[in-house]
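A.B. asks: The sequence shown begins at 1 in my numbering and counts up one residue at a time.
Think of the hints as simulated: they come from the structure by calculation, not from any bench.
Check the hints yourself; a few may be wrong.
Said to hold, decoys possible - Derived CB-CB ranges, DEER-like:
id : residue 1 : residue 2 : range
1  : R79       : G55       : 16 to 24 angstroms
2  : M85       : Q34       : 17 to 25 angstroms
3  : L114      : R49       : 28 to 36 angstroms
The C-beta atom is built at its ideal place from N, Cα and C for all residues, glycine as well.
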Amino acid sequence: MKIFCSHAWTGEDVQRMTSLMTLATQSLEANGHQVFCSVFDDEITQLNRAGDMKGVFARAFKELKESDALVVIIASPRRSVGQIMEFGLGFGENKPIYLFEHQSAAGSSYLPELSSKSYVWATADELISQLREI
Numbered sequence: 001m002k003i004f005c006s007h008a009w010t011g012e013d014v015q016r017m018t019s020l021m022t023l024a025t026q027s028l029e030a031n032g033h034q035v036f037c038s039v040f041d042d043e044i045t046q047l048n049r050a051g052d053m054k055g056v057f058a059r060a061f062k063e064l065k066e067s068d069a070l071v072v073i074i075a076s077p078r079r080s081v082g083q084i085m086e087f088g089l090g091f092g093e094n095k096p097i098y099l100f101e102h103q104s105a106a107g108s109s110y111l112p113e114l115s116s117k118s119y120v121w122a123t124a125d126e127l128i129s130q131l132r133e134i
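Produce the complete structure using the sequences and hints provided.
C.D. replies: Here is the structure:
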């Protein structure tokens, strides 16, 4: 299955998020999935460096529309506008949505109700274990 992996970036610890998304991507790929994650996309990196946010989202949304499912990883209670937009597009496209909320963010929104399946995690190991269920 082709999976789009959604994550927050702005306001997050970049090193922590890069590490977390590396683990998530590797876990999903080990299960036989093809994964798109913007952290590792050269085109999105170039668009970000150029300050072309419209281009960043156009590229991300194209990839999301071509994906079979959406994995949403929420690592903190901060709200990410981009991640909410990705969630909305996935929901509007009737994609299965797998929501993974860090315990610090759990219960703070209605996203679990809109998701196909939702999980709460406390450690990276728990997140990886839960991702293997997909």
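A.B. asks: A separate judgement is required for each hint: does it hold in the structure or not?
C.D. replies: We went through each hint and held it up to the structure:
Restraint check, R79 to G55: a C-beta distance of roughly 23 angstroms satisfies the suggested window 16 to 24 angstroms. For the pair M85 and Q34, the beta carbons lie near 22 angstroms from each other, so the given range of 17 to 25 angstroms is met. Distance hint check: the CB atoms of L114 and R49 are about 33 angstroms apart, consistent with the given range 28 to 36 angstroms.
Going down the numbered hints, you'll see the structure goes against none, and every one checks out.
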